[in-house]
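Participant: The residues making up each chain are set out below.
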Amino acid sequence: MSPSISRRELLKMLALLSAGAATSSWTTARFLPAVLADSNGKPNIILIVTDTTSATNLSVYGYPRHTTPSLEKLAERSTVFHSHYSGGSFTTAGTATLLTGLYPWSHRAINQMGLVDRKIVSENMFDLVGNGYYRFAFTQNMAADVLLGQFYRDIDQHIPTTSFSVRPDPLIGSRFKDSAVAFNAYDDFLFDMKNDPGLPGSLLLGLAYKALHLGKEESYRYGYPAYPLGLPIRKDVSLAFLNETVYDGLKSEVGDLLKKHSPFFAYFHLWSPHEPYHPSKAFMNLFNKDNYKPIEKPTAPMDQGMSYSDLNIQRLYYDRYIANVDYEIGTLLDFMEQAGLFENSTIIYTSDHGQMHERGIFGHVTPYLYEPLVHIPLMISAPGQNVRRDIYTPTSSIDVLPTLVNLAGRQMPAGGSGKILPDLGGTEDTERSIFSVEAKANSAFAPLTKTTIAMVKGDYKLIYYKGYRGTDNVFELYNLHDDIEELQNLVPKNPSNLARLKEELLDNLAQANRPFEKK
Amino acid sequence: MKNRLPKIQDIVPVYAIISFILYGWTFVLFFWKFPSWLDFLTPAEIFGAFSYGVLTNLIESLIVIGGLLCLCVLLPPRTMRDAFAAYGSVITIIVLGSAMLYQYQFRAVRLGFTSGIRLWFVATVFAILLSVFLTAKIKILKSIILNISDRMVIFLYIIVPLSIICVLDVVVRNLG
Numbered sequence: 001m002s003p004s005i006s007r008r009e010l011l012k013m014l015a016l017l018s019a020g021a022a023t024s025s026w027t028t029a030r031f032l033p034a035v036l037a038d039s040n041g042k043p044n045i046i047l048i049v050t051d052t053t054s055a056t057n058l059s060v061y062g063y064p065r066h067t068t069p070s071l072e073k074l075a076e077r078s079t080v081f082h083s084h085y086s087g088g089s090f091t092t093a094g095t096a097t098l099l100t101g102l103y104p105w106s107h108r109a110i111n112q113m114g115l116v117d118r119k120i121v122s123e124n125m126f127d128l129v130g131n132g133y134y135r136f137a138f139t140q141n142m143a144a145d146v147l148l149g150q151f152y153r154d155i156d157q158h159i160p161t162t163s164f165s166v167r168p169d170p171l172i173g174s175r176f177k178d179s180a181v182a183f184n185a186y187d188d189f190l191f192d193m194k195n196d197p198g199l200p201g202s203l204l205l206g207l208a209y210k211a212l213h214l215g216k217e218e219s220y221r222y223g224y225p226a227y228p229l230g231l232p233i234r235k236d237v238s239l240a241f242l243n244e245t246v247y248d249g250l251k252s253e254v255g256d257l258l259k260k261h262s263p264f265f266a267y268f269h270l271w272s273p274h275e276p277y278h279p280s281k282a283f284m285n286l287f288n289k290d291n292y293k294p295i296e297k298p299t300a301p302m303d304q305g306m307s308y309s310d311l312n313i314q315r316l317y318y319d320r321y322i323a324n325v326d327y328e329i330g331t332l333l334d335f336m337e338q339a340g341l342f343e344n345s346t347i348i349y350t351s352d353h354g355q356m357h358e359r360g361i362f363g364h365v366t367p368y369l370y371e372p373l374v375h376i377p378l379m380i381s382a383p384g385q386n387v388r389r390d391i392y393t394p395t396s397s398i399d400v401l402p403t404l405v406n407l408a409g410r411q412m413p414a415g416g417s418g419k420i421l422p423d424l425g426g427t428e429d430t431e432r433s434i435f436s437v438e439a440k441a442n443s444a445f446a447p448l449t450k451t452t453i454a455m456v457k458g459d460y461k462l463i464y465y466k467g468y469r470g471t472d473n474v475f476e477l478y479n480l481h482d483d484i485e486e487l488q489n490l491v492p493k494n495p496s497n498l499a500r501l502k503e504e505l506l507d508n509l510a511q512a513n514r515p516f517e518k519k
Numbered sequence: 520m521k522n523r524l525p526k527i528q529d530i531v532p533v534y535a536i537i538s539f540i541l542y543g544w545t546f547v548l549f550f551w552k553f554p555s556w557l558d559f560l561t562p563a564e565i566f567g568a569f570s571y572g573v574l575t576n577l578i579e580s581l582i583v584i585g586g587l588l589c590l591c592v593l594l595p596p597r598t599m600r601d602a603f604a605a606y607g608s609v610i611t612i613i614v615l616g617s618a619m620l621y622q623y624q625f626r627a628v629r630l631g632f633t634s635g636i637r638l639w640f641v642a643t644v645f646a647i648l649l650s651v652f653l654t655a656k657i658k659i660l661k662s663i664i665l666n667i668s669d670r671m672v673i674f675l676y677i678i679v680p681l682s683i684i685c686v687l688d689v690v691v692r693n694l695g
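Just so you know, the sequences run in chain order A and B. Take the first sequence: its position 40, counted from the start at 1, is 40 in the working numbering, and no numbers get skipped. For the working numbering, count along the second sequence from 1 and bump the result up by 519.
Some clues are possibly wrong.
[Unchecked claim] Here are the simulated lysine to aspartate or glutamate pairs, DMTMM-like style, with alpha carbons at most 20 angstroms apart: (1) A:457 with A:486; (2) A:293 with A:483; (3) A:177 with A:154; (4) A:177 with B:564; (5) A:493 with A:503; (6) A:177 with B:688; (7) A:419 with A:431; (8) A:293 with A:485; (9) A:466 with A:476; (10) B:552 with A:117; (11) A:518 with B:558; (12) A:42 with A:127; (13) A:260 with A:248; (14) A:457 with A:507; (15) A:119 with B:564; (16) A:450 with A:517; (17) A:502 with A:486; (18) A:119 with B:558.
[Said to hold, decoys possible] A few chain B residues that don't get close to chain A, going by computed Cβ distances all over 10 angstroms: (19) 522; (20) 590; (21) 596; (22) 661; (23) 679; (24) 683.
[Claimed, not checked] Far from chain B, some chain A residues (derived; all Cβ distances over 10 angstroms): (25) 134; (26) 249; (27) 308; (28) 327; (29) 383; (30) 460; (31) 476; (32) 479; (33) 480; (34) 504; (35) 515.
Hints listed in this document are in silico derivations from the structure and should not be mistaken for laboratory results. None of these values were measured; they are calculated from a predicted model. Heads up, the beta-carbon is just placed ideally off N, CA and C, and yes, glycines get one too.
With the sequences and hints as input, model every part of the structure.
Facilitator: Rendered as structure tokens:
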């Protein structure tokens with residue numbers, strides 16, 4: 001029998017193949033919303049931010065515990081940024097940096113629950129992406145929601161921060177049509193439950209509201225078998241939620257956006273894995289007796305007095321909680337995959353800041369800016385991308401905004417220091433300096449005199465502490481290439497590098513302080 | 520029923536004391552925030568926040584005066600109605616004063632806020648009974664309280680028009 005195919009058979013096969021291809025594209029089209037076909041060529045943009053996620057605890061970045069299988073899967077079709085830094089070390093400063101593309105010393109949201117300088121409010125991510133996009137925003141973090149409140153004019157749809165909670169009673173501000181101002185009035189002033197100043201502006205109703213919410217907080221601790229440590233909770237507003245419900249909610253929102261709006265820009269900022277770490281039962285026994293022993297580091301002078309073993313217990317729960325969150329992210333990514341979103345959307349995953357479990361310090365309310373606090377994940381999957389690319393040059397959260405603006409086909413206003421990210425329209429710059437700024441105890445209206453600044457340049461990281469009692473005008477210098485754990489302070493050993501980097505850091509600080517100095 | 524309520528000239532000084540404390544608390548905290556808001560919010564937004572504050576104060580003050588009037592209706596006239604200006608003022612000072620202390624005590628502490636509230640409630644009730652008893656027994660104390668509450672009435676000339684303006688502002692803001 002001759003193996004060759006006749007001309008007639010070849011034509012038949014081609015005809016069958018064409019018919020098959022047509023059927024398959026029809027099938028795909030049937031399941032895709034009609035609006036996608038009408039899309040004006042701009043990709044949808046989905047920005048997923050998980051709060052308090054340190055890159056140093058993610059297996060996708062080389063952490064020994066296998067915490068992030070879903071993110072590893074995402075990495076296979078993304079550009080992975082290995083030296084990505086947050087602008088701040090807590091939500092307000094870190095998120096404001098992400099949303100304005102400016103360092104904290106410029107946007108001035110440097111205090112807990114602070115706001116962005118009014119002069120730059122109009123130049124936010126939602127405004128700059130432009131009204132060619134349907135702009136959607138949801139955050140579970142009150143500090144970030146306060147910032148979204150400033151940008152309300154540029155957001156087409158904002159859903160309350162309490163959405164998808166166990167008792168999704170909206171905060172008082174959300175009950176008004178004039179919700180942005182009402183939110184500032186009630187949730188940040190009259191019924192304020194935060195610790196600064198800790199006094200609600202309303203004497204009686206504020207007291208009743210606080211008592212009611214703190215009473216509820218108690219009830220979330222017990223009676224939920226799926227969450228042995230109690231429900232995940234946002235302590236700032238005493239609202240509990242189930243991670244699976246929150247991520248189901250996101251899927252539903254994405255589905256709605258896909259049906260009704262194209263192109264869309266969605267900003268999702270999720271609370272977990274923020275402390276308290278309350279993983280669900282399925283993740284409670286992960287990493288049990290896995291023999292992983294983190295390096296014991298010297299206690300920092302401004303530590304919180306936590307012992308190495310206590311910190312390791314907290315780290316274990318953090319890792320479990322990250323694995324729990326990673327699983328939920330995986331379900332969201334699967335949903336997006338099935339909806340065909342990877343083909344026509346840019347999907348970005350990042351965090352606002354990291355978390356510390358070392359040197360006697362737990363959490364992120366600290367003057368320090370070591371790697372676990374400022375080294376955050378960044379992965380960007382471009383439309384149709386199916387290969388992994390890795391970028392090792394340092395990048396900053398100030399770069400995300402120019403990159404999105406570029407993707408949206410628009411121009412950034414002059415004055416920012418952010419650059420379009422490499423592989424997404426920008427180029428790698430090994431000589432560039434990246435800054436992280438911590439100044440929560442400094443006035444937002446005064447020059448930074450009580451602050452910590454970290455500057456990463458090439459392999460080196462210089463940390464400057466200014467104005468702390470007992471730690472004033474202190475520098476630390478590390479070579480991150482040789483010493484990622486920041487154990488060898490090179491200040492005494494490398495005076496020439498120190499002098500060069502010190503001069504640059506102090507110049508930048510002086511420049512940032514200039515507008516706030518008394519004339 | 521109407522006979523069980525005190526005269527309007529007795530209600531006004533008590534309402535003045537209530538308003539002075541409630542509005543005063545909000546104003547102090549508002550001005551604590553004000554310099555910061557100047558940098559972050561527009562003047563219209565700041566005034567909006569202020570209006571919501573005043574609206575809340577109005578509601579709170581009406582709740583408190585309403586509560587005191589309910590007491591008048593429920594208790595025998597001689598116990599409360601006949602000395603409403605004095606007793607109402609004393610009760611107001613004790614209740615709102617203890618709320619201030621409680622807020623201040625737990626300003627930066629979350630733990631204990633709810634568990635301590637029962638004890639605080641009992642202590643406040645005890646303080647009310649004691650102060651009302653002392654006011655009834657010590658004439659000079661009663662006279663001082665009546666003088667203070669009478670002088671507070673002047674603040675109503677500011678507070679009432681301000682409340683009307685702010686309520687209108689909130690209504691207009693939420694019409695659109």
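Participant: Could you run down the list of hints and mark each one as holding or not?
Facilitator: Results for each hint:
A hinted pair counts as satisfied when its Cα atoms are at most 20 angstroms apart, and residue 457 of chain A with residue 486 of chain A qualifies at roughly 15 angstroms. Between the alpha carbons of residue 293 of chain A and residue 483 of chain A the distance comes to roughly 18 angstroms, so the proposed pair stays at or under 20 angstroms and holds. For the hint pairing residue 177 of chain A with residue 154 of chain A, the CA-to-CA distance comes to about 16 angstroms; that is within 20 angstroms, so the pair holds. With a CA separation close to 14 angstroms, the supplied pair residue 177 of chain A and residue 564 of chain B stays within the 20 angstroms bound.
Distance hint between residue 493 of chain A and residue 503 of chain A is fulfilled; the C-alpha atoms sit about 17 angstroms from each other, no more than 20 angstroms. Distance restraint check for residue 177 of chain A and residue 688 of chain B: the Cα-Cα separation of roughly 13 angstroms lies within the 20 angstroms cut-off, and the hinted pair is therefore satisfied. Simply put, residue 419 of chain A and residue 431 of chain A have alpha-carbon atoms about 13 angstroms apart, close enough for the 20 angstroms limit, and the pair holds. For the hint linking residue 293 of chain A to residue 485 of chain A, the alpha-carbon distance of about 14 angstroms falls within 20 angstroms, and the restraint holds.
Note on residue 466 of chain A and residue 476 of chain A: the hinted pairing holds, with a Cα-Cα distance of about 12 angstroms set against a maximum of 20 angstroms. As the CA atoms of residue 552 of chain B and residue 117 of chain A are separated by approximately 15 angstroms, the hinted pair is consistent with the 20 angstroms bound. For the given pair, residue 518 of chain A sits about 16 angstroms from residue 558 of chain B by alpha-carbon distance, which is consistent with the 20 angstroms threshold. The hinted pair formed by residue 42 of chain A and residue 127 of chain A meets the criterion: a straight-line CA distance of about 16 angstroms does not exceed 20 angstroms.
Distance check on the hinted pair: residue 260 of chain A and residue 248 of chain A sit about 18 angstroms apart at the alpha-carbon level, within 20 angstroms; holds. A C-alpha spacing of about 15 angstroms is found between residue 457 of chain A and residue 507 of chain A, which places the hinted pair at or below 20 angstroms, so the restraint holds. Straight-line distance between C-alpha atoms of residue 119 of chain A and residue 564 of chain B comes to about 15 angstroms, which keeps the hinted pair within the 20 angstroms bound. For the given pair, residue 450 of chain A sits about 14 angstroms from residue 517 of chain A by alpha-carbon distance, which is consistent with the 20 angstroms threshold.
Distance hint between residue 502 of chain A and residue 486 of chain A is fulfilled; the C-alpha atoms sit about 18 angstroms from each other, no more than 20 angstroms. Using a Cα cut-off of 20 angstroms, the hinted pair residue 119 of chain A and residue 558 of chain B holds, with the two alpha carbons roughly 8 angstroms apart. Remark: the non-interface label on residue 522 of chain B is consistent with the geometry, its nearest Cβ contact in chain A lying 29 angstroms away (cut-off 10 angstroms). The Cβ of residue 590 of chain B lies farther than 10 angstroms from every Cβ of chain A, with a closest approach of about 16 angstroms, so its non-interface assignment holds.
Against the 10 angstroms criterion, residue 596 of chain B stays outside the reach of chain A, whose nearest CB is about 27 angstroms from its own CB. Every CB of chain A lies more than 10 angstroms from the CB of residue 661 of chain B, the least distance being 25 angstroms, so the non-interface label holds. Taking the minimum C-beta to C-beta distance to chain A, about 19 angstroms, the non-interface status of residue 679 of chain B holds against the 10 angstroms cut. Every C-beta of chain A lies more than 10 angstroms from that of residue 683 of chain B, the closest at about 18 angstroms, which supports listing it as non-interface.
Every CB of chain B is more than 10 angstroms from the CB of residue 134 of chain A (nearest about 21 angstroms), matching its label as outside the interface. Against chain B, the non-interface label of residue 249 of chain A holds: every CB pair exceeds 10 angstroms, the least being about 27 angstroms. For residue 308 of chain A, the condition that its CB be more than 10 angstroms from all CB atoms of chain B holds, with the nearest at approximately 26 angstroms. The non-interface label for residue 327 of chain A is consistent with chain B: the shortest C-beta to C-beta separation is roughly 30 angstroms, beyond 10 angstroms.
Distance check for residue 383 of chain A against chain B: the nearest CB is about 37 angstroms away, which clears 10 angstroms, and the non-interface claim stands. No Cβ of chain B approaches the Cβ of residue 460 of chain A within 10 angstroms, the least distance being about 35 angstroms, so the stated non-interface status holds. Chain B leaves residue 476 of chain A outside its interface by the beta-carbon criterion, the shortest separation being 31 angstroms against a cut-off of 10 angstroms. At roughly 40 angstroms, the least C-beta separation between residue 479 of chain A and chain B is larger than 10 angstroms, which holds for a residue marked as non-interface.
Against chain B, the non-interface label of residue 480 of chain A holds: every CB pair exceeds 10 angstroms, the least being about 35 angstroms. For residue 504 of chain A, the requirement that its beta carbon stay farther than 10 angstroms from each beta carbon of chain B is met, with the minimum near 29 angstroms. Every beta carbon of chain B lies more than 10 angstroms from that of residue 515 of chain A, the smallest distance being close to 12 angstroms; the non-interface claim holds.
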